[in-house]
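Protein sequence lines, in the order shown, are assigned to chains A and B. Numbering that gives the first Met the number 0 numbers the first residue of the first sequence as 0 and each following residue consecutively. Numbering that gives the first Met the number 0 numbers the first residue of the second sequence as 0 and each following residue consecutively.
Honestly, the hints are just simulated from the structure, not real lab data. It is possible that part of the hints are untrue.
Since the list gives no way to pick one copy over another, a pair counts as held whenever it fits inside one copy or between any two copies.
Said to hold, decoys possible - With a straight-line Cα cutoff of 25 Å, these simulated SDA-like cross-link-like pairs (lysine to any residue) come out:
#	residue 1	residue 2
1	Lys9	Asp49
2	Lys9	Gly28
3	Lys9	Asn34
4	Lys72	Gly28
5	Lys9	Thr68
6	Lys9	Asn33
7	Lys72	Asn26
8	Lys72	Tyr5
9	Lys9	Arg36
10	Lys72	Thr30
11	Lys18	Ser48
12	Lys1	Thr74
13	Lys18	Ile77
14	Lys39	Val69
15	Lys1	Ala46
There are 2 protein chains.
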Amino acid sequence: MKARVYISLKNGVLDPQGKAIGHALENLGFTGVNNVRQGKLIELDLASSDPEEARRQVGEMCEKLLANTVIEKYTIEIAE
Amino acid sequence: MKARVYISLKNGVLDPQGKAIGHALENLGFTGVNNVRQGKLIELDLASSDPEEARRQVGEMCEKLLANTVIEKYTIEIAE
Numbered sequence: 000m001k002a003r004v005y006i007s008l009k010n011g012v013l014d015p016q017g018k019a020i021g022h023a024l025e026n027l028g029f030t031g032v033n034n035v036r037q038g039k040l041i042e043l044d045l046a047s048s049d050p051e052e053a054r055r056q057v058g059e060m061c062e063k064l065l066a067n068t069v070i071e072k073y074t075i076e077i078a079e
Numbered sequence: 000m001k002a003r004v005y006i007s008l009k010n011g012v013l014d015p016q017g018k019a020i021g022h023a024l025e026n027l028g029f030t031g032v033n034n035v036r037q038g039k040l041i042e043l044d045l046a047s048s049d050p051e052e053a054r055r056q057v058g059e060m061c062e063k064l065l066a067n068t069v070i071e072k073y074t075i076e077i078a079e
């Protein structure tokens with residue numbers, strides 16, 4: 000079973016990396032880019048075959064290791 | 000218009016960052032994690048209101064700056 004975790008900064012948290020990407024796009028001539036934010040994507044291949052159990056386990060992984068819940072929010076997507 | 004870009008390493012490209020996350024999860028007692036791969040998530044807020052035009056523009060951004068197409072693949076998602 001595959002799981003994908005999308006981790007991004009919470010609204011209101013400054014994102015200097017996103018700002019840098021925004022400036023680089025502007026310098027390359029791309030106009031009309033109002034805002035850029037960068038996050039992380041983590042793909043997990045799990046042995047578990049129960050979607051509910053997988054979601055619970057991945058949620059625990061996010062809380063303990065994958066995301067810094069003080070400044071980051073995460074979304075879990077279970078596939079297959 | 001919002002666009003999300005998911006960038007991940009192509010299959011076959013070694014992912015030491017993903018491996019490190021996998022080992023850390025194992026050390027924390029999570030079992031049954033076969034494989035972990037880490038990618039990037041970039042959220043763009045675009046002035047354009049035409050989905051087709053937005054997709055074309057973001058594709059160009061990926062080719063020129065956001066993704067290293069030698070080792071990375073990307074997926075574009077246009078919302079709103």
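| query | For which of the previously enumerated hints does the structure constitute a violation, in increasing order of number? | reply | Going through the list in order, the structure violates hints 1, 2 and respects the others.
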